[in-house]
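Participant: So the chains spell out like this:
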Amino acid sequence: MINKTLERSVIVLSWAAASILVMSVAILLGFLFAKGLGTLSLKLLFGSTPPLAAITLRQQVFDGLFPAVAGTFLLVICSTITAIPIGIAGGIFMAEYAGIRQKAFFSLLFDILAGIPSIIIGLAGLSLTIFLHRLFPGRLGPSLMISALSLALLVLPYLIRSTQNALESVDPLIRLTAPALGASRIQNVVKVLLPNSMADIIGGIILAVGRCAEDTAVIMLTGAVAVAGVPHDPLSQYEALPFYIYYISSQYGSPDELASGYGAAILLLALCTCLLIFAFVIQKRLVTLLLYR
Amino acid sequence: MAEIFGKTPVPGSGEMGKRTLLEHLFTIAALVSAVLTGAVFVFLAVFAIPLIKNGLFFQLLFSNWLPQQHLYGIYPMLAASTMLASLSLALSFPVSLFTSFFITAVAPRQLRMVLLYIVRFMTGIPTVVYSFAALFLLVPLMRAILGRGSGMSILTAVPVLSLLIAPTMIIFFVNSFQRIPSSTILAADSLGATPVQKVLYVIVPQAWPGILNGLLLGLGRAIGDTMVSLMLAGNSPTVPQSLADSARTLTAHIGLVLAFDFDSMEFKSVFVSGLVLYVSTAIIMSIFRITSTISTGRRK
Amino acid sequence: MKKFLFLATSLIGLVIYAQAPWASTDLMPFKGEKGRIRIAGGTAHIPVMKEAAKRIITFNPDIQITIAGGGSGLGIKQVGEGLIDIGNSGRRPTDSEIARYNLRLFPWAVDGVAVAVNPQNKINSLTSKQVQGIFAGEITNWKEVGGTDRQINVYTRDEASGTRKVFWKKALNKGLILPGANVVVSNGAMKTAIANDPYAIGYVSVGYIDKSIKPIALDGTPPTLRNVRTGRYKIARRLYSLTKGEPKGLARLFIDFLYSPTGQKIIADKGFIPIKK
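Chains as they are written, first to last, in the numbering used here: chain A, 82 to 374; chain B, 11 to 310; chain C, 17 to 293.
Note that these hints are calculated values from the structure, not bench results. Some hints here could point you the wrong way.
[Unchecked claim] Output of the computed footprint for chain A on chain B, the stretches with three or more beta carbons under 8 Å from beta carbons of chain A:
(1) 82–92
(2) 131–143
(3) 187–193
(4) 197–211
(5) 234–241
None of the values given here were measured: they were computed from a predicted structure. C-beta: ideal position from N, C-alpha, C; glycine also.
With the rest of the complex left out, here is chain A (with noise of 0.2 Å):
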């Protein structure tokens, strides 16, 4: 009896509580999208300047979200550039050559890394710049380059982790194969383990992509502004859509710049939502990398 009353209440609490999750989710974003939607136009990128001058640079956009879509763009090409040989790398150190006490021991390390607020590894590009600039007066400040560095360190661990379980998640039967034959270990490395992984550690690639592209603690500590224009060169400060969505929403002038305040959330959500279901077309083990995050 009392059992039937358990199990009849957890049937209840199992619906209630995915229709709360599913409701929240529905009303924040429906709120978002029948306040944004509206403004989704060319003009919210350019403003009032000609697209054509403005992408080839020849005019400065000052109210539209180009700066910020093309500073989010570098800056997401930037680190993820620097971050993925040393990922990838890393990656196949861990499935297919560490022993059992390194891997235990590297493993330990890059959950840490991966379990770091993204506020933490800000402040230690803070810090790498301040004794940058001590060491070099002058030259160095915050800039895209520290800020592309510290995301970098950022996404690090997912690439990792996702080469790794791509690696490890290749049939034995492929894996064994090509030493029958007699490959060296590397060969079967280069030849046979990577192209048969491939598409799961592209996968991997596009969701450190999205993380580089949503982060607002590390780009706000390290170089991200209000106002930059698209950036010159990667010393530049420069702008970005999550930190441009934070500011206006403490600090807009007007309807019109809260308006392109939501038009910039949509953006950066379509932006994120687009790379994750691209992630999922090219794999489907990608679940468990979800949760280093």
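Following the hints, position chains B and C against chain A.
Facilitator: Frame of chain A; chains B and C shown alone:
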């Protein structure tokens, strides 16, 4: 599996030099990553040691933030972070657990997949977007409901933070439920157990390390999140007397007090906040690693 | 009619003729320049900085100007440490800051700090005593000062703020600001917060006052530009741009531009009282 094959003697010969170079690069990459993790800690430690030696560390940990009276302590932020994280976890854990029951057993089959997709989609929603929407929807609502205060309070941040950490937990729970050996499940099936009975009497008792680990990851995320509390909790640097009070977390404190020279008390305060966050998340992740090693051990 | 048209066109022509060379002579020094100006600090300065940057970059796209907030304290520190080219401050740097960082001061506007509430609030005027009481947390309900029966939501700025320093010194007489007050990070954020909260009180640069918030007369004196100029409204300050040592290159040109007729007009348009060099 991988270790075993990784350890098999390398058959064949050829290009010894080239091979070792590339293989060394793999090792170096892993080492570099490990060193970087260590570097973050060393940087924190290098600053911490003098502070701990002269007692300033604990003084900062347990005093208030009143710069005009030359007090740079982080005690209020410590209290706010603990309060916000534990409340969010307390709200998010039951919702996540029951949602994962829903996905595993309770829901009609098609709905399970739909919900799983929704949860995965939720992991991709940027924190700043959540906070932005909540700032304009939830804050005015809270102001009206509470009847006092600005609407920015711990109570405003808790549901948003709960929503943020829920998908992490749900995915972890669902995964750990699915990893229960099928022989056990089949045994339960053959005894005529309903899906709910399976969850209650077979899956949950076996999957507790997974549940604990999901909880740990959720806690780590809740402590470490910056934007939700920065944008929704009001940021006043006092120990909140009630949940309707404005409060500032450790992460928001680091974001707000932009300190640009190592010698200032502001920097030391921010830095101690960082160290506390680092150590607590490192402890959480270590427990996480230990429990997951135990649970994989059990499965074998 | 014809006469009128002629007069009108010639007048317009004259205005264009008068303005065009005027504007471009002020921008002329930027011609052919290349590089970067990094500006940060005081948030009261931002509207002027943005407009000046817009004019300069539109004239010469090879120049990049980055503008960040952070507050006066941050502006002083960052320029002192050499992390930026121009630091803005809404308060005079202390003598020790000037000496330590070898700062050069360029005050270019006079500004006031106004107590402000939401336009829905019925209160129009408060005494200094009442303001001090509210910010110290002794007066906690609007009804105690003649408003509705509702808790007062106090907003303040972070410790790096120059606006906060000036307000604390001149309006609060260095009294307590209750630690439980909500903290916002800029003048813009203060304005937005007050505009969104019907029971808010805060303090903001006079240049930021518009229809979305209501300035409060202090001891009977409303914080208008005129009262700031004549000195009747006491909570006033200068807005400074700072450089480490003598300004060089683009930083020098930027500061010169602020003092040029175009620059002075921008400052006045943004609601401040320009100061000549």
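Participant: It remains to establish, for every hint, whether it holds in the given structure.
Facilitator: For each hint, the structure was consulted:
| no. | hint | in the structure |
| --- | --- | --- |
| 1 | 82–92 | violated (count 0) |
| 2 | 131–143 | holds (count 13) |
| 3 | 187–193 | violated (count 0) |
| 4 | 197–211 | holds (count 5) |
| 5 | 234–241 | holds (count 6) |
Violated hints for the displayed structure, listed by number in ascending order: 1, 3.
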